[in-house]
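Asks: Single-letter residue listing:
There are 2 protein chains.
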Amino acid sequence: MTENRTRPRARSGGRSARHTLRTLRDFTMLPGLTNALPLCEVMDGAQVEAIDSASMDILENVGVMFRDPIALADWKAVGAKVVGEIVYLDRDLVRDLIATIPADFTYSARNPANNVRLGGPHSIFVPMTGAPYLRDLEDVRRNPTLDDLAMFHKLSHMMPALHSSAHHIVEPYDHPISQRHLRITYSSMKHSDKTFMGMTTSPKNAEDVIEMCAILFGEDFIEQNPVTTGNCNGNSPLVWDETMLGAMRAFCKRNQPVLCSPFVLGGANTPASVPATVAQLNAEALSALAYTQVIRRGCPAIYGHYLSTVSMKSGAPMAGTPEISLMNFMIGQMARFYGVPWRTSNTLGGAKTFDAQAGYESATTLSSVMHAGANYIWHSAGWNEAGMHCSVAKFMVDAEQCAMAYKMAQGPQWNGFDQALDAVSDVGPGGHYLGHPHTLENFQSAYFMPELFDNNSIEQWQAEGAKDITQRALDLAKKLLAEYQEPKLDEAKDEALSDYISRREREIPQADALNQEY
Amino acid sequence: MTENRTRPRARSGGRSARHTLRTLRDFTMLPGLTNALPLCEVMDGAQVEAIDSASMDILENVGVMFRDPIALADWKAVGAKVVGEIVYLDRDLVRDLIATIPADFTYSARNPANNVRLGGPHSIFVPMTGAPYLRDLEDVRRNPTLDDLAMFHKLSHMMPALHSSAHHIVEPYDHPISQRHLRITYSSMKHSDKTFMGMTTSPKNAEDVIEMCAILFGEDFIEQNPVTTGNCNGNSPLVWDETMLGAMRAFCKRNQPVLCSPFVLGGANTPASVPATVAQLNAEALSALAYTQVIRRGCPAIYGHYLSTVSMKSGAPMAGTPEISLMNFMIGQMARFYGVPWRTSNTLGGAKTFDAQAGYESATTLSSVMHAGANYIWHSAGWNEAGMHCSVAKFMVDAEQCAMAYKMAQGPQWNGFDQALDAVSDVGPGGHYLGHPHTLENFQSAYFMPELFDNNSIEQWQAEGAKDITQRALDLAKKLLAEYQEPKLDEAKDEALSDYISRREREIPQADALNQEY
Numbered sequence: 001m002t003e004n005r006t007r008p009r010a011r012s013g014g015r016s017a018r019h020t021l022r023t024l025r026d027f028t029m030l031p032g033l034t035n036a037l038p039l040c041e042v043m044d045g046a047q048v049e050a051i052d053s054a055s056m057d058i059l060e061n062v063g064v065m066f067r068d069p070i071a072l073a074d075w076k077a078v079g080a081k082v083v084g085e086i087v088y089l090d091r092d093l094v095r096d097l098i099a100t101i102p103a104d105f106t107y108s109a110r111n112p113a114n115n116v117r118l119g120g121p122h123s124i125f126v127p128m129t130g131a132p133y134l135r136d137l138e139d140v141r142r143n144p145t146l147d148d149l150a151m152f153h154k155l156s157h158m159m160p161a162l163h164s165s166a167h168h169i170v171e172p173y174d175h176p177i178s179q180r181h182l183r184i185t186y187s188s189m190k191h192s193d194k195t196f197m198g199m200t201t202s203p204k205n206a207e208d209v210i211e212m213c214a215i216l217f218g219e220d221f222i223e224q225n226p227v228t229t230g231n232c233n234g235n236s237p238l239v240w241d242e243t244m245l246g247a248m249r250a251f252c253k254r255n256q257p258v259l260c261s262p263f264v265l266g267g268a269n270t271p272a273s274v275p276a277t278v279a280q281l282n283a284e285a286l287s288a289l290a291y292t293q294v295i296r297r298g299c300p301a302i303y304g305h306y307l308s309t310v311s312m313k314s315g316a317p318m319a320g321t322p323e324i325s326l327m328n329f330m331i332g333q334m335a336r337f338y339g340v341p342w343r344t345s346n347t348l349g350g351a352k353t354f355d356a357q358a359g360y361e362s363a364t365t366l367s368s369v370m371h372a373g374a375n376y377i378w379h380s381a382g383w384n385e386a387g388m389h390c391s392v393a394k395f396m397v398d399a400e401q402c403a404m405a406y407k408m409a410q411g412p413q414w415n416g417f418d419q420a421l422d423a424v425s426d427v428g429p430g431g432h433y434l435g436h437p438h439t440l441e442n443f444q445s446a447y448f449m450p451e452l453f454d455n456n457s458i459e460q461w462q463a464e465g466a467k468d469i470t471q472r473a474l475d476l477a478k479k480l481l482a483e484y485q486e487p488k489l490d491e492a493k494d495e496a497l498s499d500y501i502s503r504r505e506r507e508i509p510q511a512d513a514l515n516q517e518y
Numbered sequence: 001m002t003e004n005r006t007r008p009r010a011r012s013g014g015r016s017a018r019h020t021l022r023t024l025r026d027f028t029m030l031p032g033l034t035n036a037l038p039l040c041e042v043m044d045g046a047q048v049e050a051i052d053s054a055s056m057d058i059l060e061n062v063g064v065m066f067r068d069p070i071a072l073a074d075w076k077a078v079g080a081k082v083v084g085e086i087v088y089l090d091r092d093l094v095r096d097l098i099a100t101i102p103a104d105f106t107y108s109a110r111n112p113a114n115n116v117r118l119g120g121p122h123s124i125f126v127p128m129t130g131a132p133y134l135r136d137l138e139d140v141r142r143n144p145t146l147d148d149l150a151m152f153h154k155l156s157h158m159m160p161a162l163h164s165s166a167h168h169i170v171e172p173y174d175h176p177i178s179q180r181h182l183r184i185t186y187s188s189m190k191h192s193d194k195t196f197m198g199m200t201t202s203p204k205n206a207e208d209v210i211e212m213c214a215i216l217f218g219e220d221f222i223e224q225n226p227v228t229t230g231n232c233n234g235n236s237p238l239v240w241d242e243t244m245l246g247a248m249r250a251f252c253k254r255n256q257p258v259l260c261s262p263f264v265l266g267g268a269n270t271p272a273s274v275p276a277t278v279a280q281l282n283a284e285a286l287s288a289l290a291y292t293q294v295i296r297r298g299c300p301a302i303y304g305h306y307l308s309t310v311s312m313k314s315g316a317p318m319a320g321t322p323e324i325s326l327m328n329f330m331i332g333q334m335a336r337f338y339g340v341p342w343r344t345s346n347t348l349g350g351a352k353t354f355d356a357q358a359g360y361e362s363a364t365t366l367s368s369v370m371h372a373g374a375n376y377i378w379h380s381a382g383w384n385e386a387g388m389h390c391s392v393a394k395f396m397v398d399a400e401q402c403a404m405a406y407k408m409a410q411g412p413q414w415n416g417f418d419q420a421l422d423a424v425s426d427v428g429p430g431g432h433y434l435g436h437p438h439t440l441e442n443f444q445s446a447y448f449m450p451e452l453f454d455n456n457s458i459e460q461w462q463a464e465g466a467k468d469i470t471q472r473a474l475d476l477a478k479k480l481l482a483e484y485q486e487p488k489l490d491e492a493k494d495e496a497l498s499d500y501i502s503r504r505e506r507e508i509p510q511a512d513a514l515n516q517e518y
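Taken in sequence, the protein lines are chains A and B.
Numbering-wise, full-length UniProt numbering puts 215 at position 215 of the first sequence, and it's gapless, one number per residue.
Numbering-wise, full-length UniProt numbering puts 473 at position 473 of the second sequence, and it's gapless, one number per residue.
Bound-form chain A, shown alone:
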């Protein structure tokens, strides 16, 4: 991750370059990615329209269940046919509603240098969230605490390719569940000045998040500017529940975007067919996207999904499979067809340890989401064991992999092409480039050098202690945490946030029934 950040101080060659590489480390966030790759569009125009048409047929004829009286009333008010809890959405109504979703927008971070644009070619990497376990700095699997969460927020802050500190990367078990969202949000805000996510574990929790955002950014500011992101999972097939819809309202009313995420286990809650699964998922996403505009016209919203396929041998969700890649390519096309930014999941996988399986699953997924042109690239660092744990080691490696994918997605850099060709003439047949001035000037920007891959000989690797990638990554995490510098919150705002949390913690019972459902 030192790529393109440091320059050799002198042209005296390897030793000097190595010294420079060791001593400088730049934690500055990479700007939001502008993906320059030609995207992998596996459907032609007629196939895109076939999916659209199938999804609209589903919305009109099968309908979507909204298990929420307020949403049902809202739908009736805009003229949808509602029978019991099933809403039948006319395609014209859906198209009219989603038309006001912004094609792209900018997240404001509390450090404006870390603002990031989302939509079209503009993409961001966001760490994983929601793990009930972590594998810690000693690779021990255990329940996390608020300190562990803070650690992940710090690492998110320091890894340049991560554009967000997310929210509950791990579940802090040392704090009452009903009040946890307050401490999680505060931790995201405090330990990083990047954008972050907001809890949607209940409508009231979501309102707390938005209130805290209003304190941090100003009431009026958030009315105009997205500052956080909520996630609302659907229950596939074709169901949205009260908790998610209530949280969605809390966000959308205040102009904050949510990910409208059907939760797809291909083959279990969708048909055993890739195109039909995409058609169902697309119908589900459209129904929620449309509802965001019923709540507030023009509010930003994000086409989302959690996507796995299910092993019929075990019933377990799988990751890194060919169909997940294909569905990502297809969903990207659908989101672009509607002109809506879209979210996918990145480093999903089911490995129990940070082994080769984890590497294959994560890299396959990362590659496919880059070629799919995903915008909000969630779960980009740490995910393992089907999301049951966040691994510190994997978090570090994934974050570096994101930096590598970032560079790939920028495409080849043509600047200096002629000078580089001059070097070819200069060196000539049978020569070498290692000491050439052009090489010394350009090697750091030309070729990414992953810090966490070991490419030395086995003899050197053994001489250095035969450290596996888990150990190397944990060593780096410890080193970074020792160097961490907190991007201090404004004192008055910090105090106001603490006052808010104290007040709400007095108000919220520690065993509040509503929040227990989380």
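It is possible that some hints are incorrect.
Copies of the same chain look alike in the list, so a pair counts if it fits in one copy or across any two.
[Stated by the list, open to error] Each computed DMTMM-like pair below joins lysine to aspartate or glutamate, with the alpha-carbon atoms no more than 20 Å apart:
1. Lys313 with Asp468
2. Lys313 with Asp26
3. Lys313 with Glu441
4. Lys253 with Glu223
5. Lys313 with Asp475
6. Lys313 with Glu459
7. Lys253 with Glu242
8. Lys313 with Glu464
9. Lys313 with Glu451
10. Lys253 with Glu451
11. Lys467 with Asp139
12. Lys204 with Asp57
Keep in mind the hints are simulated off the structure, nothing from the lab.
It should be emphasised that the depicted structure is a prediction, and the values quoted were computed from it without experimental measurement.
Fit chain B to the given chain A structure using the hints.
Replies: Relative to chain A, chain B alone:
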């Protein structure tokens, strides 16, 4: 890898399906891949022409060193300017020569069912070769023997996504180096009836390979049909040596294709610039491709490369870096611009064990070569430790990954779309698909189920012995080897091959100086 091969015997659900999955295993080779993905073309037409023009400038003005008197005489004979060992190639001559390289052709295997087409969208996966060590069935790293090589040829034969048994997957140290090529070739021919590679370690060794091919397929047959593949590495920058050129002649004269493979260590033997590296590599490949047509007009030939970038921290070759992906995309465009099939390397990587690094490197490379549209996808199974060892465990996992990439590259399958949509109506909001007849009929073809990924809960994984992916893959390898059935050679041909080997082993001194250079 059981995907799409077995069908449940009854609709009675999970237990029956699981039983079927356990009892049937189909080793039939997947047909050669026809890649249906829209390829990742990162250059526009003007940029392709800029590379072409830069390469032609290099060929005309910098020249290419052919360290081989016969090649220099051949070049003079076709009108090239030759100064010392440097050949200056006029762009018109180059274009004229490469114009007769077939855009695609078919490899004949001794089992015609395993014939495979190469070029255009037609691609094949070929295992790694050349490892001086293996990690064996117990994951012990040691020097290999002829028995180990036979084991890899057997596994190549049995893994459906591998289209070739290659040649010296590992170096058999228990046989004299000067005679090794004979036993390697025989092992490739004997243990698998897929296509295979031919040794190019010296011109005479290459002639032996072709003679053995003539015995196996018939003298006249190979005049008309490619049956094997040689590899000729260039010494970048811009040098071809006598050993490689002599081996090339042995193959091309008999109408057998070679991979014209510049050996690129980006930044060390090419400029610190992605486009300029591609321009140099392209010039090198073109010079060798052109020479194949000087040897024999119309002979099939393959645009090749070995491609890594070099860490300026250690001097070691790296794999899975963003620039390698980008260069693959660009080289694919250049090969298609010239209408020549092209070879890349697949699962390169520098990990010392089969750890997460190996997984990330391999999967990143596999994804990028699929999106690049590579034809001859070499080193597709087993490569680790920068090629210093072939890992049995990784061989198995890589081969399964190739099957997954194969399915991805076929694109979404639209057959049965309407029936699958009927299932959506049938199941409706809040239902599930697991017991639905459509699911039972289609799940095996719809969703790939990787056998070597464990997606179970940690509790179940622990109950089953907490086997890591290395152990699972080694268990599978042992199981397959126990089930191996040799595809018997025709007895008369087998005898003729053995006679040829015996005669040549009498003729070739065990410490022949020429062969020692290998």
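Asks: Taking the hints in turn, state whether each one holds.
Replies: These are the hints, each one checked on the structure:
no.: 1; hint: Lys313 with Asp468; in the structure: between (32 Å within a copy, 19 Å between copies)
no.: 2; hint: Lys313 with Asp26; in the structure: between (47 Å within a copy, 17 Å between copies)
no.: 3; hint: Lys313 with Glu441; in the structure: between (55 Å within a copy, 15 Å between copies)
no.: 4; hint: Lys253 with Glu223; in the structure: within (9 Å within a copy, 75 Å between copies)
no.: 5; hint: Lys313 with Asp475; in the structure: between (38 Å within a copy, 18 Å between copies)
no.: 6; hint: Lys313 with Glu459; in the structure: between (42 Å within a copy, 17 Å between copies)
no.: 7; hint: Lys253 with Glu242; in the structure: within (16 Å within a copy, 75 Å between copies)
no.: 8; hint: Lys313 with Glu464; in the structure: between (42 Å within a copy, 15 Å between copies)
no.: 9; hint: Lys313 with Glu451; in the structure: between (38 Å within a copy, 9 Å between copies)
no.: 10; hint: Lys253 with Glu451; in the structure: neither (44 Å within a copy, 47 Å between copies)
no.: 11; hint: Lys467 with Asp139; in the structure: both (14 Å within a copy, 18 Å between copies)
no.: 12; hint: Lys204 with Asp57; in the structure: neither (35 Å within a copy, 68 Å between copies)
Hints 10 and 12, counting from the list given before, are not met by this structure.
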